[in-house]
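*Asks:* In case you want the letters, here they are:
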Amino acid sequence: MDLNDNNREKIEADLLIEAVKRYYGYDFSNYSKAHIKRRMSVFLSKHRYESISEMQHYVLHNPNIFEDFLNNFSINVTEMFRDPGFYKDFRESVIPILKTYPYLKIWIAGCATGEEVYSFAIMLQEEGLLARSTIYATDFNSKALQKAGKAIYNIDTIKSYTSNYQKSGGKSSFSDYYMANYNSVIINKSLKENVVFAEHNLVTDGVFTEANLIVCRNVLIYFDRDLQDKVLALFNNSLIQGGYLALGTKETIQFSEINSKFSTISKENKIYKKTSI
Amino acid sequence: MYRAIVIGASAGGLYAIRDLLVPLPSDFRIPIIIVQHLSPTSENYMVEFLNKNTSLNIKEVDEKEPIKPNMVYIAPPNYHVLIEEDETFTLSADEKVNYSRPSIDVLFYSAADIYRKDLIGVVLTGANDDGARGLFTIRKNGGLGIVQTPSSAEAPQMPSAAILEANPEYIIEISEIAKLLIEMNKRSD
Numbered sequence: 001m002d003l004n005d006n007n008r009e010k011i012e013a014d015l016l017i018e019a020v021k022r023y024y025g026y027d028f029s030n031y032s033k034a035h036i037k038r039r040m041s042v043f044l045s046k047h048r049y050e051s052i053s054e055m056q057h058y059v060l061h062n063p064n065i066f067e068d069f070l071n072n073f074s075i076n077v078t079e080m081f082r083d084p085g086f087y088k089d090f091r092e093s094v095i096p097i098l099k100t101y102p103y104l105k106i107w108i109a110g111c112a113t114g115e116e117v118y119s120f121a122i123m124l125q126e127e128g129l130l131a132r133s134t135i136y137a138t139d140f141n142s143k144a145l146q147k148a149g150k151a152i153y154n155i156d157t158i159k160s161y162t163s164n165y166q167k168s169g170g171k172s173s174f175s176d177y178y179m180a181n182y183n184s185v186i187i188n189k190s191l192k193e194n195v196v197f198a199e200h201n202l203v204t205d206g207v208f209t210e211a212n213l214i215v216c217r218n219v220l221i222y223f224d225r226d227l228q229d230k231v232l233a234l235f236n237n238s239l240i241q242g243g244y245l246a247l248g249t250k251e252t253i254q255f256s257e258i259n260s261k262f263s264t265i266s267k268e269n270k271i272y273k274k275t276s277i
Numbered sequence: 001m002y003r004a005i006v007i008g009a010s011a012g013g014l015y016a017i018r019d020l021l022v023p024l025p026s027d028f029r030i031p032i033i034i035v036q037h038l039s040p041t042s043e044n045y046m047v048e049f050l051n052k053n054t055s056l057n058i059k060e061v062d063e064k065e066p067i068k069p070n071m072v073y074i075a076p077p078n079y080h081v082l083i084e085e086d087e088t089f090t091l092s093a094d095e096k097v098n099y100s101r102p103s104i105d106v107l108f109y110s111a112a113d114i115y116r117k118d119l120i121g122v123v124l125t126g127a128n129d130d131g132a133r134g135l136f137t138i139r140k141n142g143g144l145g146i147v148q149t150p151s152s153a154e155a156p157q158m159p160s161a162a163i164l165e166a167n168p169e170y171i172i173e174i175s176e177i178a179k180l181l182i183e184m185n186k187r188s189d
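Just so you know, the protein sequences line up as chains H and U, in that order. Residue 1 is where the first sequence starts when you use this note's numbering, and the numbers rise one by one after that. Residue 1 is where the second sequence starts when you use this note's numbering, and the numbers rise one by one after that.
FYI, nobody ran anything at the bench for these hints, they're computed from the structure. No false leads were mixed into what you were given.
Which residues of chain H face chain U? A partial, calculated answer using Cβ under 10 Å:
| no. | residue |
| --- | --- |
| 1 | K10 |
| 2 | A34 |
| 3 | R38 |
| 4 | R39 |
| 5 | V77 |
| 6 | R217 |
| 7 | F255 |
Here are some, though not all, of the chain U residues that point toward chain H, as calculated from beta-carbon distances under 10 Å:
| no. | residue |
| --- | --- |
| 8 | D62 |
| 9 | H80 |
| 10 | E85 |
| 11 | D94 |
| 12 | N141 |
Think of the CB as a built atom: it goes at the ideal place given N, C-alpha and C, for glycine as much as any other residue.
Please put together the full structure from these sequences, using the hints given.
*Replies:* And the structure:
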């Protein structure tokens, strides 16, 4: 028998994941183990718990603590026009094709606090596509969705967002898209008009819509391979033929079952097109 | 027997890493994983630079990639690198640690957790204190700690912080670190 701290921690972590699944219905069992470990250790030091077992008590008995736990597990670190090269590439290689559709349904899955949603809204507006688009922005974290809907961001972030925007092939001045107010900026209301925010959990919920485009960047990296496959199959079933899928720059469909149904539009920026059913 | 070497560097790191890797033979077996602080938007020119200047196989870490011998892996800009129990990589875009992503501490904690005593941690030049707590964790789990002599580093703050926090077994210059790694690699055969 191996009675070391490491082993005990692993057991505690597994038990907590099981408890959260059974009690609250959020299933993290197919998340990357290394990622879970890291998030648990961040949460542990934040709340100064002695052990994961102690943490489990509070997570199960105090809904406010659970909300914080959930928040800590859903990665809400994002920025506007993150990876400007991706947006530039998207404008050049996908937008011209999207222009041929009379109406567009776009699903941004795992939208967190909405920065990516508004980046897309700005790009679509500049390309004359926003008025005929509906953007479905989903996340499992309702608190993050609320923040996304408010569209209020810290003014400190604007400098780097502006630089990202310029590098992304933006056609206007970034300051046209927000109003500054003390320490925050609010994104123009017009960019929100065609956005629908909704709770959707990629792990447990099913097909969402028949989309022309699905954007899901830096979400799959936190899943194990089985869950990645499952979610990619869900995306495949939620895309029309000829629809596009955009993943994070370090994510790929290459090793998944849907690979044969897609062609690669950009290897570097992980943009794929569904070519067969 | 050591199963992995993790290396952290910041300001001045590119040339320090090159100087450390140049003496290593092409059949150097123990996998090496490197975090070098980079600007988040930079292209990872390090891979090309090190492939050109050393006899080792250098590549950027890919998501879910298995960690193999005879390989040197570089953390991609703007992602943390974690290691799974089955010795594959996981990347994370979560919050910066020590104002850095990739963070040396994040890699070191995760590697220390998986490799325990079979891990060598190396802290090189840098102008912050990322890596210090990570190296402490590596040593706490029985791994070996090596730090570049601060006076020989382009930026001494990071090695100094690691020495203070982790009390490493070796505080030596780059050329000595290379010799030591070659020796450890031979012993691990």
